[in-house]
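Participant: With the hints as constraints, model all of the structure from the sequences given.
Number of protein chains: 2
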Amino acid sequence: MAANQPLGEFLDDLASERSTPGGGGAAAISGAMGAALVSMVCNLTIGKPKYVEVEAELKEVLAKSETLRGELTAAIADDVKAFDAVMGAYGLPKGETDEAKAARTAKIQAALKEATDVPLDCAKLCAEVVKLSSVAADKGNVNVVSDAGVAVQSAYAGLMSAALNVRVNAASIKDRDFADGRLATLESLLSEAGAETTRVYDVVKAKLG
Amino acid sequence: MAANQPLGEFLDDLASERSTPGGGGAAAISGAMGAALVSMVCNLTIGKPKYVEVEAELKEVLAKSETLRGELTAAIADDVKAFDAVMGAYGLPKGETDEAKAARTAKIQAALKEATDVPLDCAKLCAEVVKLSSVAADKGNVNVVSDAGVAVQSAYAGLMSAALNVRVNAASIKDRDFADGRLATLESLLSEAGAETTRVYDVVKAKLG
Chain A
749 MAANQPLGEF LDDLASERST PGGGGAAAIS GAMGAALVSM VCNLTIGKPK
799 YVEVEAELKE VLAKSETLRG ELTAAIADDV KAFDAVMGAY GLPKGETDEA
849 KAARTAKIQA ALKEATDVPL DCAKLCAEVV KLSSVAADKG NVNVVSDAGV
899 AVQSAYAGLM SAALNVRVNA ASIKDRDFAD GRLATLESLL SEAGAETTRV
949 YDVVKAKLG
Chain B
749 MAANQPLGEF LDDLASERST PGGGGAAAIS GAMGAALVSM VCNLTIGKPK
799 YVEVEAELKE VLAKSETLRG ELTAAIADDV KAFDAVMGAY GLPKGETDEA
849 KAARTAKIQA ALKEATDVPL DCAKLCAEVV KLSSVAADKG NVNVVSDAGV
899 AVQSAYAGLM SAALNVRVNA ASIKDRDFAD GRLATLESLL SEAGAETTRV
949 YDVVKAKLG
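Quick note, the sequences are listed as chains A and B, same order. In terms of the working numbering, the first sequence is residues 749 to 957. In terms of the working numbering, the second sequence is residues 749 to 957.
Everything labelled a hint here was simulated from the structure, so no lab data went into it. Quantities reported herein were computed from a predicted structural model and do not represent experimental measurements. Among these hints, one or two may not hold up.
No farther apart than 27 Å at their CA atoms in a straight line, the calculated lysine-lysine pairs in the DSS-like style are these [to be verified]: (1) B:Lys922 with B:Lys872; (2) A:Lys955 with B:Lys829; (3) A:Lys829 with B:Lys955; (4) B:Lys872 with A:Lys955; (5) A:Lys861 with B:Lys955; (6) A:Lys953 with B:Lys922; (7) B:Lys953 with A:Lys922; (8) B:Lys953 with A:Lys861.
Facilitator: Okay, here's the thing in structure tokens:
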């Protein structure tokens with residue numbers, strides 16, 4: 749899926765019986781929407797006299813959120829590629845000799861590792877968006893604070909979604925040190941971002957009155 | 749925003765300093781992605797011999813999820829329209845006479861009521877998607893159970909996001925019976941869907957092993 753595909757067509761593909769795009773693509777889009785909404789809050793704050801004291805900080809946030817938006821948009825295609833590689837490896841001839849069987853297994857395992865790291869990268873990017881949403885909610889233009897609240901919800905949904913794809917692939921990896929290390933990183937991201945999302949959402953609700 | 753706009757262009761618009769599209773559009777897209785993923789799980793379950801016992805039920809779920817997907821896709825444009833109507837009403841000349849002032853106030857209040865009901869409708873649709881995700885996670889093809897988990901996360905993020913737009917507009921409505929009624933409906937949706945989302949996500953995690 750490319751960023752120039754119409755949204756309605758992407759949703760048609762998502763709903764179809766094809767395996768990709770699937771949850772991994774939806775996770776990346778949720779994260780990208782979160783990043784875009786952080787950028788919107790920054791763009792509607794920077795240049796306003798009332799917010800001159802936070803302008804420099806929000807310019808930095810904007811630069812980061814725009815980078816993250818680009819990375820998360822690119823992650824939609826990465827997810828399809830990683831999934832297709834796993835399916836391709838499982839689809840290889842099973843082989844007659846032990847050597848051929850071992851070669852197929854090694855290819856499957858390598859593809860599963862990549863298909864664990866791709867959603868983990870997406871999860872990390874979403875966790876970064878959660879942090880930026882926090883600054884946007886605390887310091888951005890209060891007239892668009894609800895958009896900062898939507899940003900944090902979208903980014904957190906992206907993280908929770910990507911987490912499922914990390915888990916599903918990590919479960920089939922034989923190298924348990926690799927898998928357990930990735931799962932530990934994931935748990936740490938989820939724990940920190942979960943607490944921050946709750947805090948930001950409450951801040952936004954309080955500012956809405 | 750129409751469904752035929754490229755996704756990347758929509759994200760550009762979301763990030764821009766224009767007020768629409770904003771969080772309301774992102775909420776509707778989250779809900780639509782959730783509905784699409786429910787449909788995907790149904791499409792990958794229906795027709796499989798192993799799932800013949802749940803086939804009739806999942807066909808009903810699929811019909812509902814596809815209807816909801818259409819409604820949520822349409823809700824993206826409804827949000828822009830409702831927001832523009834509020835801005836248009838606030839932008840009317842303030843008027844010299846009491847009568848002219850009262851007429852402007854009435855138009856603002858009517859637009860705010862509409863701008864409360866539009867995201868409340870989106871919230872209701874997202875809550876329906878949460879319920880369908882629940883069936884998809886419990887009874888759908890276990891090979892795509894992670895997609896049911898992403899569906900519930902996306903739909904719940906859509907609901908939590910739409911909720912902020914209900915609150916921001918309800919806060920400015922003078923007819924407190926109207927506003928309080930809408931807020932009570934919203935709280936009920938949030939409470940039920942919040943509990944269900946947690947349950948579904950845990951079911952999915954358990955099935956992933």
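Participant: In ascending order, which of the hints set out earlier in this document are inconsistent with the structure?
Facilitator: Those not satisfied: there are none.
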